[in-house]
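Build out the structure end to end from the sequences listed, making use of the hints.
The listed protein sequences derive, respectively, from chains A and B. Counting in the working numbering, the first sequence runs from 1 upward without gaps. Counting in the working numbering, the second sequence runs from 1 upward without gaps.
There could be a bad hint or two in this list.
Which copy? The list can't say, so a pair holds if one copy fits it or any two copies do.
Said to hold, decoys possible - Simulated crosslink set (SDA-like; lysine to any residue; CA at most 20 Å straight-line):
(1) K302 to C338
(2) K300 to T201
(3) K83 to Y30
(4) K83 to K262
(5) K144 to L258
(6) K134 to L258
What the hints contain is simulated information worked out from the structure, not anything from laboratory work. Note that this is a predicted model, so its numbers are computed, not measured.
There are 2 protein chains.
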Amino acid sequence: MAEVDLATKQDGQVVTPWEVEADGEEGIDYDKLIDRFGSQRISPELIERMERLTGVKAHPWLRRGIFFSHRDFEQILDLYEQKKPFYLYTGRGPSSDALHMGHLIPFMFTKWLQDTFDVPLVIQMTDDEKYLWKGDHETNTIEKFYELGKENAKDIIACGFDINKTFIFSNLEYIGHMYPTIVRIEKAVTYSQAKGIFGFTDSDNIGKHSFPAIQAAPSFPVAFPHIFGNDTEPLCLIPCAIDQDPYFRMTRDVAPRLGWKKPALLHSKFFPALTGSKTKMSASDASTTIYVSDTPDMIKTKVNKYAFSGGQVSLEDQKNTGANLEVDVAYQWMRFFCDDDSVLQKIEQEYGPGPVRAGNKMLTGEAKQLLISTLQPIISRHQQARAAVSNEMVETFMTPRTLKFTR
Amino acid sequence: MAEVDLATKQDGQVVTPWEVEADGEEGIDYDKLIDRFGSQRISPELIERMERLTGVKAHPWLRRGIFFSHRDFEQILDLYEQKKPFYLYTGRGPSSDALHMGHLIPFMFTKWLQDTFDVPLVIQMTDDEKYLWKGDHETNTIEKFYELGKENAKDIIACGFDINKTFIFSNLEYIGHMYPTIVRIEKAVTYSQAKGIFGFTDSDNIGKHSFPAIQAAPSFPVAFPHIFGNDTEPLCLIPCAIDQDPYFRMTRDVAPRLGWKKPALLHSKFFPALTGSKTKMSASDASTTIYVSDTPDMIKTKVNKYAFSGGQVSLEDQKNTGANLEVDVAYQWMRFFCDDDSVLQKIEQEYGPGPVRAGNKMLTGEAKQLLISTLQPIISRHQQARAAVSNEMVETFMTPRTLKFTR
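Encoded structure:
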């Protein structure tokens, strides 16, 4: 493994699993990230091939470049074409009881992948990681993160995953099953290497140092004997935000030495915070964040009050120059949540840069209203789905068991 | 935690769990170790108090100073006096399929403690540690160390432990149950601290860095919910060779911060190698090591051929000056395996330093013969006991279950 320090701010931006910091107003430069991380751009040809093979139109997030980068996704399509086995792996660090909209992104996309490819899925709740990084002895106890994981599982299940094809697990609960896999990975990574990839220091606790092996383990089917038996054949496909890539760069590096296959990845851009796109949205600033548990009124108030606007201050200026869509949160969020390309196009034309076209110039308030009326039904449907998730369903999803899949 | 580097060779000797190196011919200076590690000497008064409370004569290894150092053993006696709960914890790193005589020491002594105090016992097989330190992809696989652990468990069981009071566990198998305890410990130890205690380096694999938390965990009853439920009351007593003390210095340091009790310890000196007492006996040099699986003839041959002699080269010199008992392996091993004080005394008087007394001067050959005839029946009894250990018994000992104990 090249011991290059990928964690540091070489090109003016920091992207690790624990820190995302852009350099300028415009947010993260994703082209630079692809170069630095050594991943591949998702090309129109790749998307076309996927559509041709599956007979399903690509998810808007693929078409719109929100999932923008990949590793070995061609291989996944090869396997699909050859009717050979692969599976999906994603996860969540349960740090809060209410998920915000950004937290849903990987799950909504993974749900689409599961429906499209009809493959098994494993979802890791890194309750152990949250304790190692954020825990304390009084409030943020290990039990609290475990319970948050169970709560979060309800929101994840509400995304509509197939109970017969999906295994959700808490690290605190499931670790015993993965442990031989974890120890193998641990043995293959030196501290120098982990330091270079993750930016660890000597004053970090010893659990942080070995945690990457725990996030790496589900990339290999041997970590799930109840699903795959001894079969080392199934390839793993990991949809995740690009900040999780360090874990899987490490994983891909050790895989051949352990006689296992490198997992494939699909990387998303960050979901911008309501207050601006410089960093990824954090769950910690409650008043300025939209939660999946918010009421329609709260959504309306928060969007109107906090959504960062790329529009011009005066009506006159807005009519003449139009909004900067790159930083306009209403538009950016519509790119995530509005499936209708024609609505997006309308915003681009009537709200975006350039003078008035087609006789109308949209103001910030109208753009925000479009977002509000898009979010409200999505969140309300989510809340209904979540209310229907019983504790028994959570238990079933989280029980190690055989899954039903055809390939 | 004081970040003093206790692992390095400050006083001319190295004692870590992975390296034991004396400075001079005479072997380890145990007085210096007590000072460096900050433990307490086992005093005649402490032994007397134990005998008075239990009504049992102290084990020869206590009387002879082989178990020579302790931490908080008075507290254990207080608890015994007050009929309050405590339990025993010891372990083994399964690196070879045949145990040598030195490997039996902690188990023989622990068996005596269990009989004397009538308390539960947990025995950790660190198959994960052996893989992290000695594993490879071809021969020394993770499966191999797991299997060695199961084999070694038979030798351990053959020492006579009470199946109703003893739980043996493989880390690879049991880790899931201890994991919340392990994560708490990991979070409480920085890499700087672990480096100071264990002498880790940046080129060590990340599993080594966090392993100390895994050896620490069984020091707390919360690691065994099937035995102790939620009871955090029972104090842990750990009989071990002094080289394992670094783990438990760390454990004792973190305990109060986690709201748990510091484990107590009883430290033994090292069992000298057949070829000399400078280091602890290693299982790797097969021809010069006595295994618990050796035949009476092999024992005889190895002792006669390899046991380091402290006797003088010529009969004349031996008659006039006598043997140096400190380095004489026959005598030193008799101190371990001969329960009869009068036989030891006879060797000291007739073989030890000083000119002929009582009309007889013992030669090396005679001292070795005494050792041979002491070892042969012990090993043959062990082999009979081991042959009687079935796979089913191993399974039972290694199944998480309730244990029967009165306090």
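For each hint, the structure was consulted:
no.	hint	verdict
1	K302 to C338	within (18 Å within a copy, 82 Å between copies)
2	K300 to T201	neither (43 Å within a copy, 55 Å between copies)
3	K83 to Y30	neither (33 Å within a copy, 67 Å between copies)
4	K83 to K262	within (19 Å within a copy, 57 Å between copies)
5	K144 to L258	between (35 Å within a copy, 16 Å between copies)
6	K134 to L258	between (32 Å within a copy, 16 Å between copies)
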